[in-house]
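Q: As given, the protein sequences belong to chains F, E and H, one line each in that order. With the numbering used here, the residue at position 152 of the first sequence is 152, and numbering never jumps. With the numbering used here, the residue at position 199 of the second sequence is 199, and numbering never jumps. With the numbering used here, the residue at position 193 of the third sequence is 193, and numbering never jumps.
Worth flagging that the hints you see were computed from the coordinates, not collected in a lab. Hints are not guaranteed to be accurate.
To be verified - EDC-like cross-link-like pairs, simulated, lysine to aspartate or glutamate; straight-line CA separation at most 20 Å:
1. H:Lys91 x E:Glu207
2. E:Lys115 x F:Asp174
3. H:Lys201 x H:Asp142
4. H:Lys91 x H:Glu191
5. H:Lys174 x E:Asp75
6. H:Lys151 x E:Asp75
7. E:Lys111 x E:Asp216
8. H:Lys151 x H:Glu134
9. E:Lys89 x E:Asp75
10. E:Lys111 x H:Glu191
11. F:Lys119 x E:Glu295
One-letter residues, chain by chain:
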Amino acid sequence: MDQLLQHLLNALILGGTYALLGIGLTLIFGIMRVVNFTHGELYALGAYIVYFFAMVLGVNFFLALVVAVLIGIAVGGLIELVLLRRLRDASIDTTMLVMIGAWIVMQNSEQLAWSGVAKSIVPPFPQEPLVLGPVSVSWTRVFVFVVAALLIVGTHLLIQRTRLGKAMRATFQDRDTAALMGVNINAVYTAAFALGSGLAAAAGALLGPVFVVTPTMGNLAALKAFAIVILGGLGNIKGATAGGFILAFAEEIGAGYVSSGYRDAMGFLLIIIVLLFRPTGLFARAERVG
Amino acid sequence: MMNLLRWLWLAFLLSVPLWLGDQYYLHILITTGIFTIAAMSLNLLLGFTGQLSLGHVAFFGIGAYTSALLSLGFDLELTDGYTFVLAPKPVWFAFLCGVLVAGFFGWVIGKISFKVRGAYFVIVTISFAEVVRLVALNWVDLTEGPMALSNVPPFTLAVPGLWEQALYRKAPNYYLMLAIAILSYLIIRRLVLSRTGRAMIALRENEPLATSVGIDVTRYLVLAAVVSAAMAGAAGGLYAHYVRIVDPDVFLFIYTVTMVIMVITGGKGTLAGPIVGGLIFGILPVLLRTIAEPEAQWIIYGVFMIGIVYFLPDGIVPAVRGWVEGLQGGRPTPEPAALTGAPAAERKAD
Amino acid sequence: MSGDGETALSMEDITVHFGGLVAVSDMTFTVNEGEVVGLIGPNGAGKTTAFNVITGFLRPTRGDIRYRGQRLNGLRPHEVAEMGLVRTFQKTSVFHANTVLDNILIGLHRRGRATVWQTLLALPSVRAEEQRLEHEAWEILDFVGIGRRAKELGGALPYGEQRLLEVAVALAAKPSLLLLDEPVSGMNPSETSSFMRLLDKVRARDITVLLVEHDMRMVMGVSDRVIVLNHGRIIAEGPPGEIQKDPEVIRAYLGAGVRHA
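Next up, chain F with everything else stripped away, as it sits in the complex:
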């Protein structure tokens, strides 16, 4: 029973960051219909930025986190502007291939810059874990959860309450009508990609200190992000949030009670099963942003 509680707590914390990943991708995938292969790379980039600033340059850890997110936003916007804007009306194959190309360039650049050796980030929290009765959790993970939760809420608010959010929702529903109504589609797309990438970078920055930082860490993250998006339904932020937690729970329970090796397979199996039986996601009713 204690084991179970521990698993659930771990899942809760992991789920928060997974939700960030998923929300970021569902924004991009949902609004722009781009199979964004660079999403995992932004995740890795977030982690590497924190490593570079906090560990190599000795900058304050929290500041490094902020920098990571900002750089993530900038890179995302850049990718959209430089690579995707020309392909606005191209077929899905074309954008997919360009994204694959970008993914290759990004990952190998990271490999060149940092080599394949795993790097670790030491966060400025006390090492002894916080003990809450039968379960224990490290301070780092508590911090991660709190920040993730704040970012999730913040993103929800942005989508629901701001003009930009409204523009995004309109574009998601019907791009042409939104354009006719005066929505600047170019700006929305860039913003969506930038925001989504920023969230991925945030997830990476937060999980970097929890796990280690490697150049290939983005690959699994990207696939899990897709699993979450599919679970939650395209463009459905609440669905992606829920999906993130569902995936984390499935992984923790699967790893704990079935086999830890297949932990990562959980996400993929979920994708396949969900797509076979409910192609529009678990939260089928809402295929909308928000």
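Put chains E and H on the given structure of chain F with help from the hints.
A: For chains E and H alone, coordinates are given in the frame of chain F:
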């Protein structure tokens, strides 16, 4: 004219081991050839039938593992008390099984592709490949996991009872690869330049119109997937018995990406495309070996692929063809895909 | 003219709901062998929906569709085509990136029987069949009148000829009932007249025709019978002469901007 070029090319290919002394380069050609077979198979599904299948490496790996496991023999403890034992099988038999098992999974994917479309299908296929990789990695009892299956027996030429020759050396493996490559090419060519091929292209180009004239979309999707997967499985089997070590890295997404790059840059939906792409991306790493690290090479490939998509979206082969026809003067006759009156024209030329 | 009066297609109480929207309700009509029946009505009346239901692109919420006694409900589009019902599409639908000849060859799919194994083994029967199919393709191209475009890309044809290509592809599938969805929309009067002559030729081959059109002169000129839809319901049915004078029909069309005879 085209026929003469083809025969010359074939003669050249056949002659290579006779004059290429360097075993390393021969090795490169063999692995390039194996990958090109896989690329051709991907082209059938991605290029001709228009299915965004990004899990292709799964079929390659399944073919490799099945063939390797059957030729090595294995025992599997199914329950406490019962162990399933399989004695090693002859390599040709194991190879065929690899093809069949890969084809079976192709059938599964084909069936799924009809229900799950577009971007979702991409994700399903990638996930499928990842699941297979994780199974190969973790089911250590069967696959040895990361310790890999080693000492996989090579192909053997045999006249039953009289003489047997295991193909350890590179030259015979080269010819074996070439034989399978030519066979694969012929299979694809015949399929594509036929009623079956027309149906596949039709469903790629305009699915509602295709169904309205009686083309059963599922049937042809599944057919393309099965043939494509079986062919990739054959490439995998070749790989297993040539390199003679099979580990879960054979399922890495990067290899699917390699195949995709080969097909796209060469020209998807053309017969020559994957061959051109295969040669470029098989040989380029060797040329660049001395001046750039692998990561830097990949960056170049990534940029190259983006460039192709922007500037030569149909790939190199159609671009070259257009240029050649332009040179020959007059209006360039349209040559989309392998279709386009090619059956009619070739019948008349024969 | 109207064939032997035998029922070819019968629609009974066909109703189609999209969520809360009723596209078609309680539609009942028949088409007899050899007839040319025109389906008219203002935009949104449910004409293309009816086509989609008949040809299997859409499932009716209720009702029965039969062709020569066989139930069509639930059949997939290619199965409906196998039964001899072939349709064209409202928005011009050809294989843009293939030559005109290849377009027809694709349309001739049903006329081929070569199996995959036969193809792979390159049996002589396959080659013979390909030659036969090509021969048939040329026949159809000449029948429709676009033979000289054979080597051009489908998408490169001028609009009027693209629409002819559409019909040619449909004819290649050897229909016994041809469903034409706004075949002359966008055509100028001389193209429309040519098309009407083509329809005469089609009808002479004992092909039953059901067509949806807005061009009144054309519809009234070729149809044996006309069915009028409005808001998903049939409001009138009968020979063209009667329909043109029907007050209900005229009322339904007020403000719909239709070209009259």
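Q: Work down the list of hints and note, for each, if the structure agrees.
A: Tested hints:
no. : hint                : result
1   : H:Lys91 x E:Glu207  : 14 Å, holds
2   : E:Lys115 x F:Asp174 : 24 Å, violated
3   : H:Lys201 x H:Asp142 : 12 Å, holds
4   : H:Lys91 x H:Glu191  : 17 Å, holds
5   : H:Lys174 x E:Asp75  : 58 Å, violated
6   : H:Lys151 x E:Asp75  : 61 Å, violated
7   : E:Lys111 x E:Asp216 : 13 Å, holds
8   : H:Lys151 x H:Glu134 : 13 Å, holds
9   : E:Lys89 x E:Asp75   : 13 Å, holds
10  : E:Lys111 x H:Glu191 : 44 Å, violated
11  : F:Lys119 x E:Glu295 : 19 Å, holds
Of the numbered hints given earlier, the model fails hints 2, 5, 6 and 10; all others are met.
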